[in-house]
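Q: Sequence:
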Amino acid sequence: MYRLQCIILVSLCALISGYSEEDRVRDLMSRYPLIDGHNDLALQLRKLYNNQVNKINFSNMSKIATDISRLVAGHVQAQMFSVYVMCGAQEKDAVRLTLEQIDVLKRVCTQNQDFELVTSTQELRNSHMKHKIACMLSIEGGHSIDSSLPVLRMFYQLGVRSMALTHTCNTPWAESSSKRYNFYQRQNNSLTSFGRAVVEEMNRLGMIIDLSHTSWRTAQAVLKLSKAPVIFSHSSSYTLCNNDRNVPDSMLKELKKNQGLIMVNFHSNFISCKREANISLVADHFDHIKKIIGADSIGIGSDFEGAINFPKGLDDVSKYPALIQELLQRNWTEHELADILRQNFLRVFNKVEEVRDKMVTEPPSEVQISVEEVQNPCRLVLRHPDSPSSSSEQHLPSTLHILLAAAPLLSTLFLL
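Counting along the sequence shown from 1, when you hit position 117 you're at 116 in numbering that gives the first Met the number 0, and nothing is skipped either side.
In short, the hints are calculated from the structure, not lab data. Any given hint might turn out to be false.
Label-pair ranges, simulated between beta-carbon atoms [claimed, not checked]:
| hint | residue 1 | residue 2 | range |
| --- | --- | --- | --- |
| 1 | Asn349 | His130 | 16 to 26 Å |
| 2 | Arg329 | Glu365 | 43 to 53 Å |
| 3 | Lys178 | Ser61 | 29 to 39 Å |
Cross-link-like lysine-lysine pairs, in silico, DSSO-like; alpha carbons within 27 Å at most [as the list claims (entries may be wrong)]:
| hint | residue 1 | residue 2 |
| --- | --- | --- |
| 4 | Lys178 | Lys54 |
| 5 | Lys357 | Lys256 |
| 6 | Lys178 | Lys46 |
| 7 | Lys131 | Lys105 |
| 8 | Lys350 | Lys131 |
| 9 | Lys105 | Lys46 |
| 10 | Lys226 | Lys255 |
| 11 | Lys105 | Lys54 |
| 12 | Lys105 | Lys129 |
| 13 | Lys178 | Lys223 |
| 14 | Lys289 | Lys226 |
| 15 | Lys255 | Lys223 |
| 16 | Lys255 | Lys131 |
| 17 | Lys350 | Lys289 |
| 18 | Lys289 | Lys273 |
Even for Gly, the Cβ is constructed at its ideal location relative to N, Cα and C.
With these hints in hand, go ahead and build the complete structure from the sequences.
A: Take a look at the structure:
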């Protein structure tokens, strides 16, 4: 009853002054435009256009939820774009596919004058001053690096500034929240020694560690290990929706100690645990997380283009103001809303860079994963031709040994 009275009073004051709630939201988001933590535009560009983007009008893309016109309407100043490849590419061509997705995003973000590719907090702030929509690149799934720290470093050189340690499959070194795939099942080893090396190298590089999609055990291990704040780029509250992609209260408290960030996901299945949801239910997640760890640990990671079902009234990137209006009606202060819109992410990213700068004298890690851990039949072990056979060659099936031994004779016969 008290809340209803407050809402009525605020509405009457706004009506009398001629300054509506919509005006208040518009003014706030003009001063503190949104940094969204997760959007799968690149996935849709591959699915719908086979990455043939040169003739696409990015100002108006009716087939999907994201385009420049709606990003502007939604007061989106920066978007973390996901570089995602299917888990089925693990042990196959995940690195190639990842490079192709980086290429398509870099072309989109450099060929359209409304976009600007950024790789630092300073560039992010500068893009705001230039009225650009900043693009940041984030790899969604550690299988993209094929268990190689040199590959991780090369992705950083290409502009990637964040990586989720897993997607819906385990890697040889980290555990996923999903049981969909049978890759690299193991017991009581959710973050291996190589996984710890990945975390440490990401800290050294200044790359944001993303724990969305990791198992809780992996997330806990990373939270204890990382010198820099981490993020859940698109996860919500497990207390309100008991999906394993969401974050339980106990881990939210660990995230608070880490000075990290949970960016609330809009996907209905993570909001209501059903196909249908609404803005009020999304706001409930913000309220609950604020109650547990405060507004200074919360952001927005919508998951547009990566999910199917979105809450009524939050169905594309132009609709963020409706959520901010709902939170204003729930007595969130403008300072708190400025934090969740952009200030919290800027703080986390800046702290990640500070940790990088403190580690500047440390050389690139040369830790390598063992062949036994990877178990990838397509992974070539480089040997000099005169050196002893590799372990993989020593375990070739006997039939293949026979064929290899017979190869010179067979080639002679074919030449006759």
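Q: The structure should be examined with respect to each hint, and the outcome stated for every one.
A: To see whether the hints hold, each was checked on the structure:
{"no.": "1", "hint": "Asn349 to His130: 16 to 26 Å", "in the structure": "holds, 22 Å"}
{"no.": "2", "hint": "Arg329 to Glu365: 43 to 53 Å", "in the structure": "holds, 51 Å"}
{"no.": "3", "hint": "Lys178 to Ser61: 29 to 39 Å", "in the structure": "holds, 36 Å"}
{"no.": "4", "hint": "Lys178 to Lys54", "in the structure": "violated, 39 Å"}
{"no.": "5", "hint": "Lys357 to Lys256", "in the structure": "holds, 20 Å"}
{"no.": "6", "hint": "Lys178 to Lys46", "in the structure": "holds, 25 Å"}
{"no.": "7", "hint": "Lys131 to Lys105", "in the structure": "holds, 15 Å"}
{"no.": "8", "hint": "Lys350 to Lys131", "in the structure": "holds, 23 Å"}
{"no.": "9", "hint": "Lys105 to Lys46", "in the structure": "holds, 17 Å"}
{"no.": "10", "hint": "Lys226 to Lys255", "in the structure": "holds, 14 Å"}
{"no.": "11", "hint": "Lys105 to Lys54", "in the structure": "holds, 16 Å"}
{"no.": "12", "hint": "Lys105 to Lys129", "in the structure": "holds, 19 Å"}
{"no.": "13", "hint": "Lys178 to Lys223", "in the structure": "holds, 24 Å"}
{"no.": "14", "hint": "Lys289 to Lys226", "in the structure": "holds, 24 Å"}
{"no.": "15", "hint": "Lys255 to Lys223", "in the structure": "holds, 12 Å"}
{"no.": "16", "hint": "Lys255 to Lys131", "in the structure": "violated, 31 Å"}
{"no.": "17", "hint": "Lys350 to Lys289", "in the structure": "holds, 21 Å"}
{"no.": "18", "hint": "Lys289 to Lys273", "in the structure": "holds, 23 Å"}
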